Amino acid sequence: MRAVWIVFWREVTVRLKNWRFWLGTLSFPLLIFLVVALPALVARFSHEKRLQVLVAGNLPLPQEEGPFRFVPVPQTAVDSLKNLLQTADDLVLLVLPPNPVESEICTLYTAFSLSSEKMQDLKAILTEVFRAYRQEALRVTSDDILKVLTPPRLQVYKVSAEGATRYSAGLATAVGIFIGIALFILLVGAGYQILASVLEEKSNRLVEYMLLAADPGHILQGKILSGLVLSVFQVVVWGLAVLLGGGATFSSTLANDTQQSQRLMEAMQDQAYAVPWGWVVIFLIAGLLLYTFLYAAAGAASDSVTELSPLSQALQWPLILSVMVLPTLAASGEGPVITVLSYFPLTSPIYMPVRLIASEVPGWEAVVSLGILVLTLVGAYRFATKIYQHALLLYGQKLPWKAIWQILRG
Amino acid sequence: MVLEVQQLSRSFRTTQGVVKALEGATFTVPDGVIAGLLGPNGSGKTTLMRLVMRILPMEKGEILFDGRPIADLDRRAIGYMPEERGLYPKATIYEQLRYLLRLKGFSAEVAQREIQTWGERLGILSYIHRPAKTLSKGMQQKAQLTLALAGNPRFLLLDEPFSGLDPINAQEVEQLLRSLREPGRLILLSTHRLEQVDELCDYIVLIHRGRILLAGHTAKLKRQYWDQRYFIETEAPVASLRWPEGASWQALSAHSAEAVLSPALSGQALLQGILTQTAVRVFYEKLPTVKEIFLRAVQSHNL
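One line per chain: the protein sequences are C and V, in this order. Residue 81 in our numbering is what sits at position 80 of the first sequence, and the numbering runs on without skipping anything. Residue 144 in our numbering is what sits at position 22 of the second sequence, and the numbering runs on without skipping anything.
The set of hints was computed from the structure by calculation and includes no laboratory data. As the structure is a prediction and not an experimental result, all values here were calculated from the model. Don't take each hint at face value.
What the hints assert, rightly or not - Subject to a maximum C-alpha distance of 27 Å in a straight line, what follows is the list of computed BS3-like cross-link-like pairs (lysine-lysine):
| id | chain 1 | residue 1 | chain 2 | residue 2 |
| --- | --- | --- | --- | --- |
| 1 | V | Lys212 | C | Lys18 |
| 2 | V | Lys212 | V | Lys255 |
| 3 | V | Lys255 | C | Lys18 |
| 4 | C | Lys403 | V | Lys182 |
| 5 | V | Lys413 | V | Lys344 |
| 6 | V | Lys182 | C | Lys387 |
| 7 | C | Lys387 | C | Lys403 |
| 8 | V | Lys212 | V | Lys259 |
| 9 | C | Lys403 | V | Lys142 |
| 10 | C | Lys119 | C | Lys83 |
| 11 | V | Lys142 | C | Lys387 |
| 12 | V | Lys142 | V | Lys413 |
| 13 | V | Lys408 | V | Lys344 |
| 14 | V | Lys182 | V | Lys142 |
| 15 | V | Lys408 | V | Lys342 |
| 16 | V | Lys413 | V | Lys342 |
As the list claims (entries may be wrong) - Partial chain C-side listing against chain V, Cβ under 10 Å, derived:
| id | residue |
| --- | --- |
| 17 | Arg11 |
| 18 | Arg135 |
| 19 | Asn205 |
| 20 | Val208 |
| 21 | Glu209 |
| 22 | Tyr210 |
| 23 | Met211 |
| 24 | Pro217 |
| 25 | Gly218 |
| 26 | Ile220 |
Even for Gly, the Cβ is constructed at its ideal location relative to N, Cα and C.
Starting from the given sequences, assemble the full structure and let the hints guide the process.
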């Protein structure tokens, strides 16, 4: 264990002294600022279009509130109005439950993506209206209603020529995608850090001395542990940057509208509570371990940064695929591709947390996915240590699949 | 005997099939010597060294040190300089020596002391705080040697220690190795340049195509492989002399020759026969070089 600690400490200190590590750590918050905060700042100075909400139901909604204008329509016209939605870019259809005391599900049909802010605003208005209606109907105090009845849930359907398909609500999807991107960057970053570290020692011909000095398993564990700790450190930095930077930006954006600002903050807090952080952390750690094992093996099987083994190239594909599919999640929330990716061990560390955040996934699915991931993890560790121990001494060559297979056979 | 290698075999699977790197290698080496593991490129020297160092897992056979499995020997008692050697290019020599020694099991204090001791002896202290990439190959090699020598190991293995060194640095390393030769310590070095270690190694292990051809004290082997060859330098031209029966000779210059005698003719008889004709300036037994022993051993093993 002493060797693990010595390798760990060196890896951490060397990387903390490296400007590339800090560039990688700090560029992500900057990217988030550009993607999230900048549009919000721009939106502050731009005129926001008012949304026409066609309402089918009996609740007494206000005529106008915030960015919405509510227009009552008969329940019988719902189907024909769905077709009308595609002809306008400011029209949505809201179908309220027939009995708002018994049911809380409201359905929103839209032909375009709604911003997370609008979704939260609408939900806040509906919550108020539901509360008032139930108070009146049940003749109880506001506090009692909160205890007894659940606030309304907004199910959103995107309308297109093919019909209406459900997609996840705005903020949940945004948070899901944000965490998905963060997981992706972490997995790639940690993987490449390990690959570079292994490759440096191999190409500098230091490994032979190191293998005499310590057990190869301990050296590998030290490297993997350092990758894990540094990745967690990056997560903390990113989290703080998002909280501080994002909070400050939204506060300044909504400085003139304290009510809206408060609503948004509440919505974000609600969303933060809704994120299954336990699952996110478990999948993050399992994913980091899996990718660091595999990238360590890939580094050992390569000869230099320009002569990477086929294994390292193969590892990139699931991650690239993950990023390509993420926008699909934004559009539909669910689908067979995303479900498959959430079970496939090389992509499940990204997709199962994203699914858990953005849509309703039964707990057993997460357990099964994690089980597959853990089994793969055990196999990957054995694979990595074997490749690491054998391929490190094969200088001047990148190993083809056949050679990797021969090493595994012993 | 300090090092005993018994029936050691190792093969590798490659894309071209199974390659036998070592086949039943058996030899012993005593302590207090500089032993040369000698053989051409690809003969199995590095594989043997890696097996002794436990860097490669053993397939078959046994390696004992002081009668106990080599695996029982403390890592700190072994000094190793691999053939494929290098350093972290951006780290200073001091940083990496300290790290690698600590990895080997030395405490921070001992590591620092050893770096100071051996660094001073090898003359690396003047550049110890410079990054490795700013140093010449000879300087880097001395740093690697410091790493191998730190802790004053009982068992020192040096794989091709002279490769890449200029003659001056090679001589320095040679002198250092001689100074380290003492009872209780075994220095085993490998090289494919047989002529380089003729005078340095007092024990040799010859390896060819994964098989041990010979192992023993250099002086004894030289005597064993000596073919009654003499060197003679005379006043008169060697071509004008009458050579005794049983002596086949070859002129090396006008006044010097090399003579190989039949078992019936002794060196003393040859000298007396020549002295009756001319004055003899130089006369000595010409023992075979390590390279000649190697070639003869290869021939006799029909390899």
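A quick look at each hint next to the structure:
1. V:Lys212 with C:Lys18: 12 Å, holds
2. V:Lys212 with V:Lys255: Holds. Lys212 of chain V to Lys255 of chain V sits at ~6 Å (cutoff 27 Å).
3. V:Lys255 with C:Lys18: 18 Å, holds
4. C:Lys403 with V:Lys182: 25 Å, holds
5. V:Lys413 with V:Lys344: 11 Å, holds
6. V:Lys182 with C:Lys387: The hint holds at about 19 Å.
7. C:Lys387 with C:Lys403: With Cα atoms ~15 Å apart, Lys387 of chain C and Lys403 of chain C stay inside 27 Å; holds.
8. V:Lys212 with V:Lys259: 15 Å, holds
9. C:Lys403 with V:Lys142: 19 Å, holds
10. C:Lys119 with C:Lys83: 20 Å, holds
11. V:Lys142 with C:Lys387: 21 Å, holds
12. V:Lys142 with V:Lys413: 24 Å, holds
13. V:Lys408 with V:Lys344: 10 Å, holds
14. V:Lys182 with V:Lys142: 12 Å, holds
15. V:Lys408 with V:Lys342: Holds - the C-alpha atoms of Lys342 of chain V and Lys408 of chain V are around 14 Å apart, at most 27 Å.
16. V:Lys413 with V:Lys342: Holds, because 15 Å separates the two Cα atoms, which is no more than 27 Å.
17. Arg11: Holds. Min distance 5 Å.
18. Arg135: 68 Å, violated
19. Asn205: 4 Å, holds
20. Val208: Since the shortest Cβ distance to chain V is 8 Å, the answer is holds.
21. Glu209: At about 4 Å, which falls below the 10 Å cut-off, the nearest Cβ of chain V leaves the hint on Glu209 of chain C intact, so it holds.
22. Tyr210: The hint holds - Tyr210 of chain C has a Cβ within 10 Å of chain V, the shortest such distance being about 6 Å.
23. Met211: 7 Å, holds
24. Pro217: 9 Å, holds
25. Gly218: 13 Å, violated
26. Ile220: Holds. Min distance 8 Å.
Hint compliance for this structure: hints 18, 25 are not met, and every other hint is.
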